[in-house]
Structures are given as structure tokens and as C-alpha cells.
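Chemist: Protein sequences, first through last, are from chains R and W. As numbered in the working numbering, residues 4 to 714 make up the first sequence, in order. As numbered in the working numbering, residues 35 to 582 make up the second sequence, in order.
Treat each hint with caution, since some may be false.
Which stretches of chain W does chain R cover? Using the computed rule of at least three CB atoms under 8 Å from a CB of chain R, they are [as the list claims (entries may be wrong)]:
1. 59–65
2. 257–264
3. 365–374
4. 469–481
5. 510–524
Calculated from the structure, these hints are not laboratory results. Note that the coordinates shown come from a computational prediction; the quantities given were computed from them, not determined experimentally. Beta carbons are placed, not taken as given, at the ideal position from N, Cα and C, and that holds for glycine.
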Amino acid sequence: MPRVGIDVGGTFTDFVVLEQGRLRIHKLSTTPDDQSRAIVAGMQALGLPAAQIVHGMTVATNALLERKGARTALLTTAGFADVLAIGRQNRPSLYALHQERPPALVADGLRLEVSERVDSSGAVITPLDEAALDGLAESLRSARAESLAIVFLFSFLHPEHEARAAALLRELLPELPLSLSSEILPEYREYERTATTVINAYVQPLVARYLERLEGALAAQGGGVPHSLRILQSNGGAIGPAQAALHPARLVLSGPAGGVVGAFAVAQQAAEAAMSAMSAGARTTASAAPLNVLTFDMGGTSTDVALCPGAILTTAESTIGDLPLRLPVIDIHTVGAGGGSIAWFDGGGALRVGPQSAGADPGPVCYGRGGLQPTVTDANLVLGRLDPAAFLGGRGDVQLDGDAARRALAALGDALGYRGDHVAEQAALGVLRVADATMERALRRVSVERGFDPRSCTLIPFGGAGPLHVCSLANALGVPAVLAPPFPGVLSAWGMLVADVSTDASRSILRPAAELGGPTGDPTPLIEAAQELQGRVAAQLIERDGDRVTFDCGLDLRYRGQSYELTAPLPLPVDAAAVSAAIAAFHTLHEQRYGYHLEGEAEVEAVTLRVRGTLLGRARAALPEAAAGRAPATTRSAPPTRTIWFEGSGPAAGQPLPLESALHDRAQLQPGDALAGPALITQYDSTLLLPPGWIATVDRFANLHLQQASS
Amino acid sequence: MTQPLHDHVAADPITLELYRHRFSGVAEEMGVTLRRTAYSPNIKERLDFSCAIFDAAGNLLAQAAHIPAHLGAMPASVRTVLERMAVWAPGDVVIVNDPFAGGNHLPDITMVSPIFLQGERTPAFFAASRAHHADVGGMTPGSLPLSTEIFQEGVIIPPVRLYAGGVRNEELLALILRNVRTPDERRGDLAAQRAAHAIGERRLLELVATHGRDEVTAYAAHLLSYSERLTRAALAQWPAGSWTFEDLLELVDGEQLHLAPIRVTATLRHSEHGGVLGGEVTFDFSGSSPVTQSSLNAVIAITQSACYYVVRCLTGEDAPMNQGCLTPIHVLAPEGSIVNASAPAAVAGGNVETSQRITDVVLGALAQAMPSAAAAASQGTMNNLTIGGVREIDGRPTPFAYYETIGGGMGATAQGDGLSGVQVHMTNTLNTPIEALEMAYPLQVTQYALRHASGGDGLHRGGSGIVRSYLFLAPATVTMLSERRAVAPWGQQGGEPGAVGRNRLLRRDAVTGELREETLYGKFTRRVAAGDRLIVETPGGGGYGSPD
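With the hints as extra help, turn the sequences into a complete structure.
Modeler: Written as C-alpha cells, this is what we have:
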């Protein structure tokens, strides 16, 4: 069956199809009122009656950010209904006398309490007041609650109260969807657990309805042949629609996760291919070096960057809007700068770019939709770095107005005091330098945070604008290698296509690690917890008889007194030796990440057990080899050229310098081709700028490897 | 004498902006490194630290993760260090925590190191970092005691070289570590600060190698004037004139309540620089109480920080944080007063409580100048609660100590209601989760809720305080350092004041066995038995505008 990755973004719905070693790409405008419409239309256009689909969606994200989710109620232990409202007591901004929070997901009056209490050993000190639930059901009914989160203190130690309350309420209100904190996130820290459970409850009805509608529409479109549908979770693993509908909090960062999965998969495949082409001796040396990847996804309003030091990193400490989400998500750093960021001359004498963005509407000046202030995209256009004819393949609804962009940048140049014939170009160069400085900071930050030097990384640009800026960023960061995937504009959809079918589960352990492992430890509690989590994960992944699942375990450990943990791999099967191995790995990780360890000096605590399961037996999708066999580059006619403006050097530093640059159509490139800058490489939905002094070579998967000619 | 380059070479608007990113980026990477490698939760989770770079003359060039209390204190520390250290060698690292030498309280240890350019004999830049260490000795764990002189608060470190020419002074380190409760953590945190300095030095040297010394130093100076221009322009939007405001601190002497005034006169002046209108502001604290016997004395750095904080709130964060933002702000505080304490006054509470009242009076004075930009008073306290004692673990008596602060109401503004249940102004630390607290200490939290209707009424309501109730499961000593239990957070423009806070203790009478309730002052120490309860209700914020 063909495999399809479908990424629904704010503007476009992207399709990548892999069928019998052939790759196809399709792009449609997103249908915001019902995202499934564009999906079904795309499958029809692609002529695919049945396929294995992995879908990244923004239904949950949008519902949260736009506060359009269900009317959600919260039931807590008596005395603690305000835990959600108080949060961690910190205010959003340090220096502002007036501050606002986004509207609460649970309105006042929908935060309910019931008498019950469990202590820190898991013992019941106040039994659940079951008689009170009748009245609570009545309150929920009269308040027209559409979804309910149940969060009791210490339910990760004693889930029975939550389960019992849920069972009784189900009888009274059979239609009301319930999210239990002991199922969504059985970990300590009541605020984070509450917020995560409430997020789940808030988006659950909407996501469930959407998935039901999508499945129905796809079945109808397929003419009775069933599609296999899976949804990409924020942790980079795909999951079936039934599980996705139960735990939609796991989907909120689905789209960006696809980009990182796709970028890392492309880099891995290219590295493996390069390795197999090496001599045995060179291979040994090369394989010792991990594949460190920095992903750089520059879009219209924001830019996502992620560091992947040999593997994709996840974190359980993300936030969405102003709420903590304690479920594993791919560790991505976002800065509010992109192609739509507005350039302006401030009163103090500096040229600024952002934080205001023209967004998609009105968009940059060149979109001709009423935008008046020049943006990064306008600067790229004025410098000849965007081909108006090829923008979005020339078939988007956007006609670029170069004159308008030039007028806006000329006005900015006048304000900056520039004179002469190339005021607009000079201003545009300045805008790009400033925009790149913001990106450079973000990339440095994610590297330094993990203790990595960006110079040891391969930079992977994607998104509409990433490939335009990547060479100047590589220059600034001292990154030696850039790898541009074959289709940077739809890399997230590729990530969805290649994603493993996998999910994870966790549970608080909270006891000294020495009690669980080593010479005197008894690992029984850990073994039991691991079995329970493996069972839960397997139940979510296995769809038919014969499906097999492989497990990875991790143990979050910390030194006593710390309030943050590191996840150490826990070998399977879990036994005393496995725990000892995890403890040893923790000391090493601590040293690597933080620069020191306290082995033998401080007690180690086991905080959380994590289990990730992956469905076996699914062939890993790979980029097909690009078609060869056309005429070699030397015999092809020379590409057309156009004028692109760069920054002059030497005495002309800072002055715009026009250079005749080759204009390559990426679709016409073939493996082995080598191109020299200055050149512009255009394709359907993305444009790559190769500055003077850079060369690009095409590998057999149609990736472009960029480097400076001198290096 | 040659003129500094920036005087005759105009700043290029693009290069200026690039240097804003470059210098801020260096400070930011130092901060990320410090946070990553630190041990103390205060640094790692509560972000109670700052990193900065300074020019050769000690001007602040950029500061990252600048918590309000460090705004004035970082430059003050570096200034003192530069005055005391005549000669610098590459590899030197100086540490200092003396509040009377630029510190603000003892747990904040500041590190300063020189950055030498190749072939030069004097430093071209300095890197500095300040971090709140979890314990530096003294009367109580956490080093924030109810003290009466500084010597009770922990180890005092005047500016001394921890490293000389790259070699660590092991004897000095041993002396410091012997005086703190958790030496391994201190060693780790100091190492983290040094790691941050190494990153700062490397990145600055890279900048100079890429762009040349002349450009880097010229644009360092340009950025200072740029921030100063933006700040002066923002201050010029304020009306000229002079306004005075006074508020009270609640001192408890024995069982007696004394109110100590803090008074400020804010004077705004406009002036013209090269045809551009600019403003500057002077805060004169004459009329404030003399130094007290309590720990509520603030050193001058705290008073400056509070003034800088309020100005930054009112002018916005557009100007990159450097010396230029501070130049148009003048702080005059009489020596020996509660807002400019001299040795050997106790200062532990000055940083956490007095700093909040200084903020209030500065806000109150400026509110008269700009009613529409002002805010009503916020809770004005951090509600510092320390619970310590000895309990049995595996049959062995084991000491425990727990410290937390509690949020309250924020004052309302012309734009809207105040936030509820948050830390205000000079602090923004996170709470301890109840589930973490109960697992670690013999305590049970029986209620944690917003304190409804505690915000002052008004056109816009003040934020609500918090109710937090504790059940003690073992005998303990409870110490509370809180404010606004007698003098309410004021409203603004006809808004009602917020409710004062309340500290109540319910203790079982040894004879009758009945629970008896006692309402306590803002500052107290009591022995409690298992089964006793403490109920803390924190103040609400003041309202803005008349409620009608």
C-alpha cells in the first residue's frame, strides 16, 4: 500500500506519497473550518483509494491557542480547586505593572471539589465522599459541562479514588468525556499534572469528533477500501486514531515534531549512504563521530530550531500557551521571527526586525494585500532572491508585487540615511543581516543549552524560508556542513511518513535508587511498574494479531535535593543489575550535561519510570534514489541567470553588489551535479540561495550538500 | 587625550542592532551555561541569577536573566571589585558576597573575572555573574534568618581572588566550604559560575577576532548611548515635577509592633541634548527610618535595584539592559538609613521584604505624576516561611528545614484587574509542589486556594491573595517573615486597599486539649506540636479607580 504523510499547517496542507519507490508531493490550501476536507480532496487528487496515512494535525493546537475547546470542568480534592488558577505562583512577565493571562481553560464556577485525601505514602486519610457525587453530577449538568478532568492529590500513588469517582459519574452522566490524571500523567507535581489533564479534557471532544469525521470521509473517498490512519504525536511517534482521540494532549505539537523527525531521517540516510561508500578504515573513524544535527525551520511568523545530538531529543517540560504540558515532546526552541517579521527604524537609531509580524494577513508588502511595512520576505524579493514566477510553483494565489516591496524598502533606506541609486537594496541587506542575527542567537542557544558547539553539527534548513538564509547562518555559526533535503517545504509531511508507530507511558517512582538496585536493592516495585506500563503501551500499539512491540525503558534520576531529573536508559529486563546500570549511566550523563557528577557523594533518587514501545515489522521508509540517466550536466544548456544582490566586501563592505547568478530548477538537478554560487535554486515551494564562494553537490537521494569552496 | 571612537564615528543602524544581539547573546549564553551546570534549585529552577559583561571601566554592557534585585547590585559589585583590585592577571577570578561591598545579601555570590585581549596588559572587558546559593551558613539553613547583625547570616566574603592567574586558591575555598552546610553544592555552583565566565570570555574574544577591537569597543560605547537615548526619551514622556510618597514597614520588637517609615521624593527633569528632549529622574529617600535592630535593613544596591525596576516597568524593555539605562536614574539615600544600611546591620530581610516596600513608595510617588500609567500596591511581601525541627527517620533523630515564599495579589492598573496568587515585583520564584513538600517534610497542606474577595474593590479589582494552611505532623519551630499584616496595600485613583494578610496559629492547649487560635504579627517564631495548624492568608492587591 502506498504510504502518505499529511501535514496540515496554517496555510497549506502538504502531502508526500511514497509508492513503489516513487515520491510524489502535493500541496493544497488548508480548510480551516474542517481540516479533513483538504485531506480528502488531496487523496482524491492523488488518486489514492487506499493508503497508509500518517497525519500531523493542528486541531488540538488551534483549539488551545484560540481557546475554542470544550466547556471543561475540573474536579479536585477538597481545598485544592484553585491549584490550576494559582499555577506555580510566578507571573508571566518580570517587568510589567499590568499583566494578563490567557483565559483559563476551566471557567470560574466549573472548578469543583469533593472530599477525599490520600497522604504522601499513598494511604487514604479521608475516604472519597461518594454520596456527594450525585450533587456534583447535577452541578455539571446544569453548568453544561462538555468535558471533565478529575485530579486528586497523590493519585499517582493511589488511583482508586479517581477511578471510583469516574465510575460513579459515568453512570450519572454517560455522555460526559472524562480525563483522569492517574491515566493521563501518573506523576507527582499537582499543578503540572492538573494542567496536562485539563489540556486533554479541553481538546478531547473536538479531536474525537474531528477524527471520527476524517475516518468517515476517508472511508467514503476510498470507496470502501479502508485506509490505515495514524496520527503523529508530539513525541515523534505515530498512533492509531482511537488512542489519539483518548489522549489528544499528546498531539498538540504534532506538526513541528514531523519536521524534526523528517530532518533527522534525511540526515541519517545521507550519512549512512556516505559511510557505505567509504573505505573500511575511514568508516571506523567516521562511525565514532555521532551525527549531530541542528534543524532550522524558518516559516512566515516563527522559526523552530532543534538540536539532535546523535538522536532526536524529547523533553517533558514544554509549555503550550501559558500552560505546562508534562508529556514527552520533541525538544524544539521557537523564536518569533520569520519571513513576515517587520523591519523598522526605531527612535534610538537602530534598525529592528520584529517582534511584530505581518503574518499571513496582510502579509508582506509584496503580497499586495495591504501590508505597508517591509518584511524579511520583501527584503529577499528586492535582492532578487525570490523568483516571483516560481513562488509556490507559480500556481499559488500569491502574485508577488516587487515594485511595492521596493518602495517600502526604499522608504526604510531613506529613513536610515542611505543615498544613491540602491537605497532599497542597501536597506534590504541590512534587514537580512539583522534577521539572521536573531536566528543565529536561537541556534547558539539550543546548542549551548545542551553543552554542544554548533561547529560540530550539520545544519538542516527547511520551511519556506530556511534554505534562503542557511548559508549566511552557517557562516556566522562556523557550521561546516549544510544538508538541504530534496523538498524543504514539505519536510514535516516526510517526517510523518517515516515516523515509527510508537507511544510512551510513565509513572512516578520516587524512592532512593539504592532501594531498587545494587547489592541491597529490591527491584520488585520497578519491575511491576515496568510491566504495567509495557502492558498499557502494547495495548495502545497492537492493532491485530501477530503485531509485535519492542520496548525501551528510561529512568528519571536525580541527586537528592535536586528538583530536576535526567533520563537514563534502563536496560531490559528490569532487575537489580539494570538499575545499577541506569545509576552508572546517570552519573555519566550528569557529567556530560552539567559538567560534574556526585557519584559516591550524594544519594540518587529514582523519580519517574518511562516506557516507550515501538511497533515492529514495519519497513522503514527511505528517500528513493533520484532518477538518473538524463544528459550529464556538461552537455546541458547553461542555466538562465538573474541579478542577485549581495553585500560587497573590502572597501565596498556593506554596499549592495549585483552579481549575475545562475538560476537552477531543482527538479532538473541530478545526482553528481555540482553547482557554484552565486546561484538560486528554486523549487515548488522553497528557494535556496547559494552565495558566492559556496558550492552545492547533489547526492543520489537528491539532497544538496552545501559547503564553502575553500573548506 | 584621544577621543573615544564612538564620538566621531556615527553608529551604523544595522551594525548597532547586530551588536545588541552580539552582546546580549554573550550574556545569554553565559546564563544558559550557568543554569545548565548549577546545583542549587534557586539557580536552576527559580532562575535567581544574572550574568553580565562589563567594559574596562566597569560599565555594564549587557545583562541576561536580569532578576529585578540584581539590576543595581551587579554594577555595584563590579565597581567595588574594580576599586579594590589594582592589578589584574589573566585567569584571575574574584568572588564577593559582602552586602556592604556591592552585594545585596549573603546567599548571592558574585563572581568577576577580567578578559584580556592578546598582547594587552590590562583587561578589555569583565565578565560577571551573580547567583543565589542555597546556603552560605549562618543561624538557619538557607541563610535567611531573623537576625540582628550580619555576622549571624553566614560567611561574609569581601572581594577576594578564588583563582589567581588561573590557579585556584584551595585554602580560601576550604575556608568558605567549612562555613556552609552543603559544601559540595557550593563547590558545584561556583564551578557553574566559572563555566559561565569561560563561555563569556570565549565568545567575546571571538567577537574581537572577527570584527576587530576598534569596532567592538566602539559599538559597546554606541550601545550605551543608544540605551541612554531610549531611556531619556521615555523619561521625557513623563511630566516634570516633584512628588513625595511614604509607606510603612512593620517591625516587631519583642511582642510590640513598630511602624518604620520609608519616604521618597521623585523629581523628574527635562533637558535638551543636541536638540533632542530627554528626561532624568532622581529618587531621594531623605526622611526614611534609620537602620533598625531587625534584619529588614536594605543596602544601597537593593534600593537602587528597586528604583531601576520601577523605571523599567514604566519605560518598557525596549532598551537593551546596560549602563545607559541606569545613567538617567539617580538614587540618593541617607547613609545609615533603612534604605542605605551600613555594617554591621543585619540585611537578610532587607532583600526580601524592604525591597518590596521601596518599590511601593517609588511607584506611589510616580503614580502622582502619571496616574494612568500607575498601579495600585501589590501584596508587598514575599511571606517568607521557615519550618524546621527534628524528626525520627528509621529511629534516628534527623533535622529538617524547609523554606518557602507565598504569592499574593497584584495591584490593579488603569488597564485592568491585578493578577491573583502571584509573586510580585522584586521576586518571581516558583512555589514548591504540595506533593513534593509532603513527601519531604512532616507537613500536610490542608488548603491551598485563592483568598476570595481579598483584592481591593475598584473600577479594576486588585488580585486575590492566597490561603495556605499547614498541619504539622511533628514538633517544629516556625518562623515567619512577612509584611502587610497591619498596613494594607493601598488602592490607586479611588480604588480600595487590598486586604491585609493574616497569620493564624491553631494550637492544642496542653491542659484542656482544646484548639486555640492565635493571630500573630507579620514576624514571629513559635514552637509547634504535632497536630497544630498554621493558616497563612496573604494580602490582596489594591484596586484602581473608584468602584462606583
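Chemist: Could you run down the list of hints and mark each one as holding or not?
Modeler: The hints, checked one at a time:
| no. | hint | result |
| --- | --- | --- |
| 1 | 59–65 | holds (count 3) |
| 2 | 257–264 | holds (count 4) |
| 3 | 365–374 | violated (count 0) |
| 4 | 469–481 | holds (count 7) |
| 5 | 510–524 | violated (count 0) |
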